Amino acid sequence: MSKERQRWGTKIGVILAVAGSAVGLGNFLRFPVQAAQNGGGAFIIPYLIMLALVGIPLVWVEWTAGRHGGGYGHSTAPGIFQALWKKSRLVKYFGIGGIFGPFLIYMYYVYIESWCLAYAYYSITGQFSGMETGPAFVDFLTNYQGAATSGIFSGTAPGLIFFLITFCLNISVIYFGIRGGIEKLCNIAMPLLLFFGVVLAIRVVTLFAPDPLHPDWSSINGLGFLWNPDFSALKSVKVWLAAAGQIFFTLSVGMGVILTYSSYLKRKDDVALSGLAAGSTNEFAEVVLGGTIVIPAAFIFFGPQDIVEVASSGAFNLGFVTMPQIFCSLPAGAIFGFLWFFMLFLAGITSSISIAQPSVAFFEDEFRMSRPKAVRIFGIAAFILCLPAVVFLHRGVLDDLDFWGANFFIVIGATIEIILVAWVFGISKTWDELHKGAKLRVPRIFKFIIKFVTPVILIFILGWYFATEWVSTITMKGVPKANVPYILGMRLVLLGVLILLGVLIWKAWKKHDMKEEREVVK
Amino acid sequence: MTTGGWILIILAWGVIFSLLIFCYSRVLKGDEAIPEYHYEGHEID
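Quick mapping for you: the protein sequence lines, in order, are chains A and B. Position 184 of the first sequence, counting from 1, maps to 575 under this note's numbering, and the rest follow consecutively. Position 36 of the second sequence, counting from 1, maps to 517 under this note's numbering, and the rest follow consecutively.
The hints are simulated quantities; they were obtained by calculation from the structure and are not laboratory data. Here the structure is a predicted model, which means the values were calculated and not measured. Careful: at least some of the hints might be erroneous.
Restricting the straight-line Cα-Cα distance to at most 20 Å, the calculated cross-link-like pairs of lysine-lysine (PhoX-like) are [unchecked claim]:
| # | chain 1 | residue 1 | chain 2 | residue 2 |
| --- | --- | --- | --- | --- |
| 1 | A | Lys764 | A | Lys477 |
| 2 | A | Lys402 | B | Lys510 |
| 3 | A | Lys827 | A | Lys657 |
| 4 | A | Lys659 | B | Lys510 |
| 5 | A | Lys842 | A | Lys820 |
| 6 | A | Lys820 | A | Lys659 |
| 7 | A | Lys575 | A | Lys657 |
| 8 | A | Lys868 | A | Lys764 |
| 9 | A | Lys838 | B | Lys510 |
Covered stretches of chain B (in silico footprint by chain A; criterion: 3 or more residues with CB under 8 Å from a CB of chain A, positions within the stretch not fixed) [as the list claims (entries may be wrong)]:
| # | region |
| --- | --- |
| 10 | 483 to 496 |
| 11 | 499 to 510 |
Where is the CB? At the ideal position from N, CA and C, for every residue including glycine.
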């Protein structure tokens with residue numbers, strides 16, 4: 392392990408990079424829908440409680456474990472888990488999800504990210520002008536995706552071109568490394584993203600009640616639709632689980648990304664304050680910006696009756712059908728449309744580069760590959776495996792990938808991780824590690840929460856998801872028969888990738904014997 | 482918007498803005514690590 396490890400350039404750089412990883416499309420599209428469907432304002436109560444009991448503890452655990460593993464020259468979950476439990480010969484295989492999960496998400500995320508870039512381009516060039524009705528925007532989206540051809544686009548070429556541009560941008564950023572690529576991009580993209588979000592939020596709130604025929608279709612009532620509490624919802628276990636799930640998915644915990652990013656910290660770099668800062672930046676983007684843009688804007692334009700249907704129409708429909716329709720009816724709508732989609736694109740690219748990094752880091756660290764070579768291998772594999780999501784989008788392939796990547800593996804990964812850190816490595820050692828170089832003294836109550844409360848909640852979530860949702864998804868219940876061969880084929884490919892990863896981990900550790908494992912970086 | 486809605490939006494935004502101000506004021510100030518913290522003496526090997 393003589394090769395010099397990459398390092399972050401500045402403290403603010405790593406905070407923005409981790410926040411960039413967490414702030415994604417879900418902050419602006421998933422959170423408001425979840426809140427609207429789960430008790431409105433009352434949803435924020437379980438949401439904040441779960442933030443304190445699950446989100447923040449997991450953030451601290453991942454930052455701490457990542458920096459610890461980085462001290463042994465490992466940047467990915469297999470090596471980091473091995474550094475936490477040196478005596479075990481098997482624990483490294485439990486970290487497989489920390490590479491496989493993000494890679495799975497990457498396989499479809501970049502494609503969705505490319506829609507944002509395309510729509511930003513179409514907005515600023517006025518391609519949406521004259522389109523007024525919802526079905527017109529649905530047509531536009533399905534034509535763009537290549538699922539229908541009614542003359543707007545001739546084939547899938549535009550979608551593929553934007554996908555290629557987005558993919559190449561991703562690979563270029565990753566190629567330039569932690570400091571030269573990821574940190575530089577996030578230092579520019581994150582402030583820009585937050586600025587665009589603030590501009591859009593102010594625009595929505597200052598619309599007041601634009602339609603004199605409907606004075607109650609106002610921005611304040613739109614905020615009310617999202618925030619007026621229905622406290623009876625708090626009696627439902629589902630609402631609490633929805634809050635825990637949202638916290639889970641929004642903070643990027645459990646997928647291995649924070650482990651990888653924090654492994655590039657130095658031994659005495661702070662993790663306690665940095666983790667909290669990155670987490671609170673994500674919460675600002677989600678609760679303050681995400682809660683102020685989409686639902687209030689949709690309320691103003693669709694009114695209190697139709698908003699219920701709009702809110703339950705799904706994240707893609709909200710983002711790519713409802714929002715452009717709203718912007719088209721605003722003065723300077725092309726500019727606001729551009730701001731919206733470019734903001735989503737920035738949220739997307741800062742996340743997609745983070746989910747690519749674990750795979751690249753695995754080759755760099757465990758096979759001593761140069762970065763260009765690791766990026767080349769990742770680029771070729773990712774490009775080939777991204778194609779099914781692009782080509783078979785309407786065959787349910789994307790939804791299936793999303794289930795495995797953004798649900799299954801991260802819940803299991805986080806549960807393994809918290810048990811490993813709090814119980815195997817030990818809460819006292821974890822607490823000491825967390826406070827090495829700390830610029831914040833974490834309240835002692837979190838020692839108890841990390842050891843007992845978070846694992847219990849995670850095990851409960853795991854059991855609940857398994858019983859209520861996972862079994863039916865795994866057995867493809869309700870999937871149209873025509874889609875089954877595509878989904879089954881994709882699952883076989885994924886199984887092949889998983890087995891290949893397992894073999895690579897075995898080969899890597901065969902190369903560098905565990906007896907040689909030692910702390911290499913101070 | 483009902484009174485309950487206002488209370489909850491103020492609560493949520495209050496918590497988030499307090500966290501942001503607390504964290505970034507310390508991050509940007511570039512404080513040293515907390516000097517008086519005593520580790521519990523576990524050897525991290």
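What hint numbers does the structure not satisfy?
1, 8 and 9
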